[in-house]
Every structure is written in C-alpha cells, then in structure tokens.
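One-letter residues, chain by chain:
Number of protein chains: 2
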Amino acid sequence: MSVWVMRIGHRPQRDKRVTTHVLLAARALGASGAFVDTRDEVLEENVRSVSERFGGGFSVKTGVRWEDVAKSFEGRVVHLTMYGQRLEEGLSKISEGEDLLIVVGAEKVPFEVYERADLNISVGNQPHSEIAALAIFMDRLTAGSALYSDRGGKMTVIPEERGKRVEERDP
Amino acid sequence: MSVWVMRIGHRPQRDKRVTTHVLLAARALGASGAFVDTRDEVLEENVRSVSERFGGGFSVKTGVRWEDVAKSFEGRVVHLTMYGQRLEEGLSKISEGEDLLIVVGAEKVPFEVYERADLNISVGNQPHSEIAALAIFMDRLTAGSALYSDRGGKMTVIPEERGKRVEERDP
Chain A
1 MSVWVMRIGH
11 RPQRDKRVTT
21 HVLLAARALG
31 ASGAFVDTRD
41 EVLEENVRSV
51 SERFGGGFSV
61 KTGVRWEDVA
71 KSFEGRVVHL
81 TMYGQRLEEG
91 LSKISEGEDL
101 LIVVGAEKVP
111 FEVYERADLN
121 ISVGNQPHSE
131 IAALAIFMDR
141 LTAGSALYSD
151 RGGKMTVIPE
161 ERGKRVEERD
171 P
Chain B
1 MSVWVMRIGH
11 RPQRDKRVTT
21 HVLLAARALG
31 ASGAFVDTRD
41 EVLEENVRSV
51 SERFGGGFSV
61 KTGVRWEDVA
71 KSFEGRVVHL
81 TMYGQRLEEG
91 LSKISEGEDL
101 LIVVGAEKVP
111 FEVYERADLN
121 ISVGNQPHSE
131 IAALAIFMDR
141 LTAGSALYSD
151 RGGKMTVIPE
161 ERGKRVEERD
171 P
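Protein sequence lines, in the order shown, are assigned to chains A and B. Here the first sequence is numbered in our numbering, starting from 1 and rising by one per residue. Here the second sequence is numbered in our numbering, starting from 1 and rising by one per residue.
Rather than coming from a laboratory, the hints here were simulated on the basis of the structure. One thing to keep in mind: the hints can contain errors.
All copies of an identical chain are treated as equivalent in the list; a pair is satisfied when it fits inside any one copy or across any two copies.
Claimed, not checked - EDC-like mimics (lysine to aspartate or glutamate), calculated; alpha carbons at most 16 Å apart, straight line:
id, residue 1, residue 2
1, 164, 52
2, 16, 107
3, 164, 112
4, 93, 161
5, 164, 107
6, 71, 89
7, 164, 115
In this text the structure is predicted, and so the values were computed from the model without any measurement.
Isolated chain A, as found in the complex:
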C-alpha cells in the first residue's frame, strides 16, 4: 500500500503553518508523499529539510491541480470531511494493499471533490482540524505501524521517559 496526500485550498501566506503540519504529519505517519495545489517553494524546502535530517523518502510537489493528480492516480481517492461516512465504515471499504490518495481541504472544499472522491470519510462529525483528521485516519489505517519505524535518517530520536536523546549517524 502506498498513501499520498493531496492538500487543496492552500494559500501560502495564511496557511503556511497549517499546511506544514499536514505534510509533516503525513510523512511521520507513513505517507509516501504529498501534493499541494498552490506553488510554495518555502513549504517544499521546509519539508525536504526534515526528510534530509530524519530520513525516509517523502516526495513533495506543489503547484499541481487536484483534478490532474486524481485523474492520473491509480488507486482510490479518499476525501476527509466532517460530512462524510463514519470512519469505521469508510475504513472497512478499503482493501489491504490498496493505494490511496487522501484529499485534505482547507476551509472551503469545492463540491466536485465530494463527487470525484471514491470515498468521503469523516473523522468524527464535529468541526475540528484537517491535521487531526488526517492523523487519526492514517493511524487507524496503518494500525500505528509508522510511528516508530526506522527511517535511516542522519538523526534518530530514541524514546525516553524524560529528556531528549538523539542519535546521529554518519551519512
């Protein structure tokens, strides 16, 4: 299974921190890469810099239309929305090993996304956060398997009860 995230409605100035959180959460939780609909070189650079230090391959491409990404994607398109079907129900429709493109909107999501998505899935029916929704969806999807996986990075954080422990490896 490979999972990709498509972030739509990104406005570089207003959303820079929120979209960075979306992409870093996607990476940490095991996604292969992310697409963002508005060109944003600073965002690309920030996320790449994390991958360079902490390892793993995570591709970032900005300035791509969701319609184009969805059209050429060979797998299922999942749209996360507070209006969608229940999480357990949606997850039960996804087969093991299936490739997924997860569409994550900002404030206003065009109705075409609801129509194009193979599955509209909610992570709770309350207004909250697309970052939180993506995180829970991916944690459930992967049964937490990505959380402590070895990324072979130059820097690796070693879990500790108190304090900070970071191992550095030669590249």
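Given chain A, work out where chain B should sit, using these hints.
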C-alpha cells in the same frame, strides 16, 4: 475520566490558526476544556462559537500559566513530545478513569515541562505536528468513543457517503 488540554507557547498572531486547531481537535475528541498560556480573546470567542452551534460543554481559558494550572490540577500531567516514551508504553501507565492534563507545546518547550510532567509521551519519534499528536493520543485513549457522540447541539452533522447533511434542532 476528564481530560484537559494545556497549550503552551501560544503567540496570538503567529499561532492563531494552529492553536484553534489544537482546541477544536481537543473538543471534538472528548476533552472537557483547554487552557492557553497567552491571553487571546479572539481564540476564546472562535472556539465558544463552535460549541454554541455544535453543542457540548467545552471550557476555554486563556492567559493562564501552565505552572499554575499543573499545580492545582488533581490528576496526571501528560506532556506530548517527540522525545517521550513510546505511545503504547505511556498509555499503559494511565489508569482507567484517571483525570489528565495534556500539555501541548509550540516550537520550544521549556525543560521544566519535561521535569514536571508525570509522563512524557511521544506519538511517533518523528518531527510532525502537536495537533496530530494530540489527536492520535486522544483517539487511542478514548478508543474513538468521542468521534460521533451526541453533543446535543443546535446543529448536528449526519454522516453521509456523499454531500452534506446537517440537522438543526430548536434550542
């Protein structure tokens, strides 16, 4: 069990959207309320407005020091950090029914927080997002029970495979 969130390092201008996500995710996932260390009336108003429409009691208090909140809190203080012990290990140390104060930092967290916390817990050992970390922690803690709970709000979203369905009730 009641769960409270303490957001530290909040800078109203820079963090307004990220802290709003923290608080709305906390609310959606079943927390009783949140504290924020910097006074921010706009944030308070935004979160209260969601509660007024979508129901439930969720208290928000800004401009309170984490040291003071932690001192008077009768329960366990959990600090979420990428450096902390593994999630499953941390969760196994929490007893059912125990009240929790979950401390969620912004970029730099003072070392005193690591020392004061009863548990420093990581949600993966990769840099990502405090919103994502809080969401997964709470989803695991509550076994997803808050996601579709009835809040008795004026507005209730009914899960749907496609489109948006909202029921409005008389107050």
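Checklist line | residue 164 and residue 107: within-copy, between-copy, both or neither at 16 Å Cα | finding: Answer is between: at 15 Å across copies they meet the 16 Å cutoff, but 36 Å inside does not.
Notebook entry, point to check: Between copies, within a copy, both or neither: which fits residue 71 and residue 89 at Cα up to 16 Å?
Noted result: neither (25 Å within a copy, 42 Å between copies)
Notebook entry, point to check: When no copy is specified for residue 164 and residue 112, does a C-alpha distance of 16 Å or less occur within a copy, between copies, both, or neither?
Noted result: between (46 Å within a copy, 13 Å between copies)
Next item on the list: Check residue 16 against residue 107 for me: Cα-Cα at most 16 Å, and say if that holds within a copy, between copies, both or neither.
Entry: both (14 Å within a copy, 15 Å between copies)
Next item on the list: Can you give me the call for residue 164 and residue 115, within, between, both or neither, at a CA distance of at most 16 Å?
Entry: Answer is between; shortest inter-copy Cα gap is 12 Å, intra-copy 46 Å.
Next item on the list: Measure nothing new, just compare the shortest in-copy and cross-copy C-alpha distances for residue 93 and residue 161 to 16 Å and report within, between, both or neither.
Entry: between (38 Å within a copy, 12 Å between copies)
Check: Given a CA cutoff of 16 Å, do residue 164 and residue 52 count as a within-copy pair, a between-copy pair, both, or neither?
Finding: Neither, since 20 Å and 41 Å both go past 16 Å.
Hint check: violations occur at hints 1, 6; the rest are consistent with the structure.
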